[in-house]
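> So you can see what is in the structure, the chains are spelled out below.
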Amino acid sequence: MLALIEGLVQAAVLSLTALGLSLVFGVMRVVNVAHGEFFMLGAVIAWWVATLVGTNPALGFIAALIAAPIIAGLIAVITDWLVLKRINYDPEATIVATIGLLYILQQSVLMTFGPDARPVEAPFNTRLAIPWIENTDAGWALYWPWGLSTTSYKLFVIVAAIALLSLIWYIMSRTKLGLILRATQLDSETALAFGIPVERVYALVFGIGAALAAVAAVLIVPIQQAHYLMGADPLLLSFIVVIIGGLGSLRGTVIAALIIGMSDGIISVFFTPTLAKIMATLLVAMVLVYRPQGLFGTRRV
Amino acid sequence: MNRNLALHLAVIAALYILHLTLPAYHHGQVARIMVLAVFAMGYNILFGYSGLLSLGHAMFFAAGMYGMGLSAQHLGFATLPAFLIGILCATALAFVVGLLALRTIGVGFMIVTLMFAQAGYLTILYFGEYTRGDEGFVLTNTARNFGNLDFSTADTRYLAALCLFSGALLLKLLIVRSKRGRVMVAVRENEERARMLGYNTWSTKLYALTLSGLFSGASGASYAILFGYVGASFAAVPYSIFPLLWVLVGGAGTTLGPVIGTAFMFYLIDYASGVTDAYMLVVGVTLVLITLFVPGGILGLVKSRFARWIP
Chain A
20 MLALIEGLVQ AAVLSLTALG LSLVFGVMRV VNVAHGEFFM LGAVIAWWVA TLVGTNPALG
80 FIAALIAAPI IAGLIAVITD WLVLKRINYD PEATIVATIG LLYILQQSVL MTFGPDARPV
140 EAPFNTRLAI PWIENTDAGW ALYWPWGLST TSYKLFVIVA AIALLSLIWY IMSRTKLGLI
200 LRATQLDSET ALAFGIPVER VYALVFGIGA ALAAVAAVLI VPIQQAHYLM GADPLLLSFI
260 VVIIGGLGSL RGTVIAALII GMSDGIISVF FTPTLAKIMA TLLVAMVLVY RPQGLFGTRR
320 V
Chain B
1036 MNRNLALHLA VIAALYILHL TLPAYHHGQV ARIMVLAVFA MGYNILFGYS GLLSLGHAMF
1096 FAAGMYGMGL SAQHLGFATL PAFLIGILCA TALAFVVGLL ALRTIGVGFM IVTLMFAQAG
1156 YLTILYFGEY TRGDEGFVLT NTARNFGNLD FSTADTRYLA ALCLFSGALL LKLLIVRSKR
1216 GRVMVAVREN EERARMLGYN TWSTKLYALT LSGLFSGASG ASYAILFGYV GASFAAVPYS
1276 IFPLLWVLVG GAGTTLGPVI GTAFMFYLID YASGVTDAYM LVVGVTLVLI TLFVPGGILG
1336 LVKSRFARWI P
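Residue numbers (this note's numbering), protein chains in the order written: chain A, 20 to 320; chain B, 1036 to 1346.
Bound conformation, chain B alone (with noise of 0.2 Å):
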């Protein structure tokens, strides 16, 4: 028990607390906070980690939700085979993308996954028979339960999240403190270097990768149950720079970062969005302000100055 642990769990004890005290408005936006925050971290593993920028991270959250939405649509799946499918489909494709994206480096490496994500949004509006393109379509409630838990009430939809996130939380503290995660950091610091040292740094690129996708993927297919609404605006390109911008404002490389980035994010967009239409000129200023004056986020800040332990 070191106190890394334990910040992480009171991390998700406060969020429990969160849940008796709300007000109900509230309450469902820190549920939807949670489930992105999921997708914040698989976003961080490969970005942060592993030092690989991907502009195509909607594929993966696609990819979850519509493999969950779609298996349980069209073919009438429970909800949990169609969880499952659907992070099964997200990992799968983030294998076969890793395959060959990761040929490229750099610059190359960015257009390429956006290239892909691109070519993903436009095959859903190509099936728009099935997938009901950029309209969409919303789950049925039979698609909605678990034994005699119903994913659609406020209560069980917020326990479901806090679940989901604290499963995450705690699955990404073991990755990056395992020997894999710590090569990780290795490619990101120097690659050259790490290969030198005789580390398979293809293959640990691959592996980020794939678990970025697994990430992203439980991610989007829990949005799917939990929110009841599938559709293509969440495979086009603003969700594919949202979790790259979570992940540069709460700390790229810090397991906690996403998690504030996403929050601070959201409830800053989501107060914008109130204001004026113009709401992604907040997303623009806070990207340009951000590579200027604080590269490393609001944990990347906090860990230099007060406390170089936090992971």
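Here chain A stands alone, though its shape is the one from the complex (with noise of 0.2 Å):
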């Protein structure tokens, strides 16, 4: 039960976080290799705006989750007008550019921020015990046993992704911004012939990707800690999560997503983190061989 609990806690940070990678692969058929950085600069711009708010933890984590997404996005359609534009949107050379955005982005925050690590404190954090039923002398018996808890925050982690998950949906399939995503991600050229503007809409998606990664970040801030490394791990998972469900298909990167983050934890029981993590990265490469599209996927790569 509470391996379930922080099971869902890891997937639904990284489904957002993986939905945002998929979106922008999907819509621009670009490998965003920065999008790890885009999450910590969430985590980082969270912290940062929380000790600005000061005192109250509620009303600064209130800001950073208004705050990281807005700035994130903002800096990723900058980088799209600045340098993606440029470049045509050229498969090789946008994976090329993203990774100097990579190490941009994560070099600055180091000379700004700081190699430390630093907290950020959850809005409300209550100690929330889990009965547990057991079969005692007197029949079944409800108890709350020491040490099997979890936290108010956690619970909450999980119904905000499973709202901005269900919000993206919504977008997608029943807005006319979403009708426009989706003649983008078919046919740019015919999108553009039919008036769509599809330069817009790129940068967009880009702002909106990179805001995805950051909200992310924000949630599991107060749980983790934000660090100018904390890129390369959601990076991993993500490209993980996106081979496996799917590229650019919204509802196999979530089921994909509550695989990975639930299967975490439990392979971790059976063997050691790098053992799980080399048969992990394996098994995608596998997957990416011989089975392109995905295991959700129906569309060509």
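Note that these hints are calculated values from the structure, not bench results.
Being a predicted model, the structure only gives us computed values, none of them experimental.
For glycine and all other residues, C-beta sits at the position ideal for the given N, C-alpha and C.
There could be a bad hint or two in this list.
As the list claims (entries may be wrong) - Quick look at which bits of chain A chain B covers, simulated, 3 or more residues with Cβ under 8 Å:
hint, segment
1, 96 to 109
2, 115 to 122
3, 254 to 263
4, 298 to 304
Two chains, each in its own frame: build the complex with the hints.
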């Protein structure tokens, strides 16, 4: 049960991050290697905003939740405009450019934020005990064992992620904006011919992708800590999720995030973390080699 | 005797003159650059000539390095057999990775090589008992001798690096001028058309990747011998990015570009790390600027403006 909630928290954050990566790849055909750095940026901005706002952690958290995605999104839009647009979204050149962006963001944060990990206080963090049922002499009894507990904040993370995912799903499938995005995804040239401002759509999507990563980071930062190198793991995991779920497939991404997030804890029970990571990366490589459309994707990549 | 060969021999001769004139600090640095330039040349065979962008070349470098280091350290091999084992490991690894990864194209190939390299890096950490993980190990001096040559002395080291460098440079010139080399370029320019003309593009790509692994492995094994240190950091992501950076800066698809790129970036990073801790910032900025303004690299620029004959 405890592992389940931890796994769900992981999966919630992961699905938001991976969704950003998937959206950018799906619509723009761009592999954003700097995605993990937008995640890191979100966490660092959260720390920065929380420190600026000061005493009240709840107020600081809400401010961070609004500010972090906006700032990260803006940086992404500027990057798109300054760099990606100028190299015509050529797949190989964008990978090289986003690797460059990765180092620029990471090292700039190192210079300003410093090499230390810094915590952000959660807005609320009451300890919730989880009831446990056990067969005692007096029949089935319900009791609250010591140590078996979670925090209200972790539950909030899960709920918030579900809400955000639903919102994205709603936008993608029910609104005009979603229609435009899907049209661009299917065929950007035809979309352009029908009067869709593809360039602006691309900038918007790149911004939304970064903003999603930043939101995920703000949610996780009271549980983990903000650190300038924290982008590497989410990047790798998001890649795994997006590849397994099928590049550009929304539903597959969420399902894969659930699988990976939940299995992360379970695998590490049986194997050492390093061995688990080795197997995971090899597995992903094999999926790409033998099923490049992903396990849930149907479209040709 | 054409001017291509003359140009390459002149570069080698110039490096020999530098051996006699350079102050001690730069003497050591240039030796390092020459060894790393071989790595960049290996990368260039794959990326510059065959058009395959790998994000996992650190694994071949590390395979050479660990193949050499581990067989010398734990199996008591002498320097030369250990060196050959290192090269063999890297070449074999490149061949196997090629069999799998070449089934994918474009972005898929980049991610698959990245994943394989990550798995390789983690494997080195996993067998920390033998490899000493991130910490690495220092080779004993007995593993750094051949005949009466002691590779830990500055002069021998520089000359050994120069030998390796010259051999690699001339071999590469030979490869890219060969029939196979021209097919590689054809694959880079238009794979469909090359296939239609009856060339086996798949085996050409595998050939390029294996050769690339051989060069990278030779560079890794020599690095271990000449500088006496083997560590997991050489298998990590930055060492997959560096050869890409060197080749891009110098000029992809040119024989001397990687050499120029390696030297330029090595000194730039060396300088930057003296100024700030965030020296990787330089790497990032350079990558973005190169893709934006000089997609052909330094030598590509020279080639298109002044001398079209440079290979």
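> Tell me the hint numbers this structure goes against, listed in increasing order.
Failing hints: none at all.
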